[in-house]
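> Taken in order, the sequence shown gives residues 603 to 800; the numbers are from my numbering.
Hint data in this document are derived by calculation from the structure and do not stem from the laboratory. Any given hint could turn out to be false.
[What the hints assert, rightly or not] Computed beta-carbon distance windows for the label pairs:
#1 Pro645 <-> Lys623: 26 to 32 Å
#2 Lys723 <-> Ala643: 34 to 40 Å
#3 Ala736 <-> Gln613: 26 to 32 Å
#4 Thr704 <-> Ser746: 33 to 39 Å
#5 Pro645 <-> Thr738: 20 to 26 Å
#6 Ile627 <-> Pro699: 21 to 27 Å
#7 Arg695 <-> Ala619: 17 to 23 Å
[To be verified] List of simulated lysine to aspartate or glutamate pairs, EDC-like, C-alpha gap at most 20 Å:
#8 Lys623 <-> Asp713
#9 Lys631 <-> Asp713
#10 Lys723 <-> Asp616
#11 Lys723 <-> Asp668
#12 Lys642 <-> Glu779
#13 Lys631 <-> Glu775
#14 Lys623 <-> Glu779
#15 Lys723 <-> Asp713
#16 Lys723 <-> Asp607
#17 Lys642 <-> Glu775
#18 Lys623 <-> Asp612
#19 Lys642 <-> Asp777
Cβ atoms here follow ideal geometry from the backbone N, Cα and C, with glycine treated the same way.
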Amino acid sequence: MSSTDLDTRDQLFDHAAGYLKHLRIIIDKLNDNLYIQESKALPGSTIGKHVRHILDHFSLLFTALDNIVLDIDTNGSEGNLHHPLGPVNYAHRERNPATENTVIGGQASIDRIARIIEQMKRHSSTIPRFITIADTLPGGGEGSFLSTVDRELWFCIHHMVHHNAIIATLMYEFDLEPPTEFAYAPSTIKMAHMAGNN
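Work out the full structure, taking the sequences as your base and the hints as a guide.
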């Protein structure tokens, strides 16, 4: 793996950790009643459910990488183009009820994923490139396709931003004020800063 690729991967880990830190700060200010309060605009939707959903995706990806990180000497036999890691199936989520039902459960789950990201970054150079993704297709069947670890980490980050935006919407509904950049993608933040400098 080139130094440029490693730098990109480390930036992704840092970016994921940053968004998780913001999410942790958000829920630290909530009580359990607000955390599980259902939205009127989005029936059935709660802040806790979106926190759990965000973390489920990171957890599934990191589970596929876990053995590789712990067993550094893979000899290139796993995670290459002909023998990719996985499959990771985002439809097969555990849906831990403690994460979505209590603030302390959400905090513990965020902290767990943050610790895994820290561990992954320390072993970044040993993580293979290719991974197989499986998911439910529009027709109801399952399909699988080849991806890369970095692309899936980027997917998890963007997926998180999308749900952060929903969490921000729920906070406004509950008369709470989310941080300004909490729910914006990096490109949106960059464009806003550029516009502000003109």
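> Now tell me, hint by hint, if it's right for this structure.
Quick rundown of the hints versus the structure:
1. Pro645 <-> Lys623: 26 to 32 Å: 30 Å, holds
2. Lys723 <-> Ala643: 34 to 40 Å: Given range 34 to 40 Å: holds, Cβ gap about 37 Å.
3. Ala736 <-> Gln613: 26 to 32 Å: 27 Å, holds
4. Thr704 <-> Ser746: 33 to 39 Å: 35 Å, holds
5. Pro645 <-> Thr738: 20 to 26 Å: 23 Å, holds
6. Ile627 <-> Pro699: 21 to 27 Å: 23 Å, holds
7. Arg695 <-> Ala619: 17 to 23 Å: 21 Å, holds
8. Lys623 <-> Asp713: 9 Å, holds
9. Lys631 <-> Asp713: 16 Å, holds
10. Lys723 <-> Asp616: 8 Å, holds
11. Lys723 <-> Asp668: Answer holds: Lys723 to Asp668 is near 12 Å, not above 20 Å.
12. Lys642 <-> Glu779: 18 Å, holds
13. Lys631 <-> Glu775: Satisfied, since the Cα-Cα distance of roughly 16 Å is no more than 20 Å.
14. Lys623 <-> Glu779: Holds. Lys623 to Glu779 sits at ~17 Å (cutoff 20 Å).
15. Lys723 <-> Asp713: Satisfied, since the Cα-Cα distance of roughly 15 Å is no more than 20 Å.
16. Lys723 <-> Asp607: 13 Å, holds
17. Lys642 <-> Glu775: 8 Å, holds
18. Lys623 <-> Asp612: 16 Å, holds
19. Lys642 <-> Asp777: 13 Å, holds
When the structure is compared with the earlier hints, no violation turns up for any of them.
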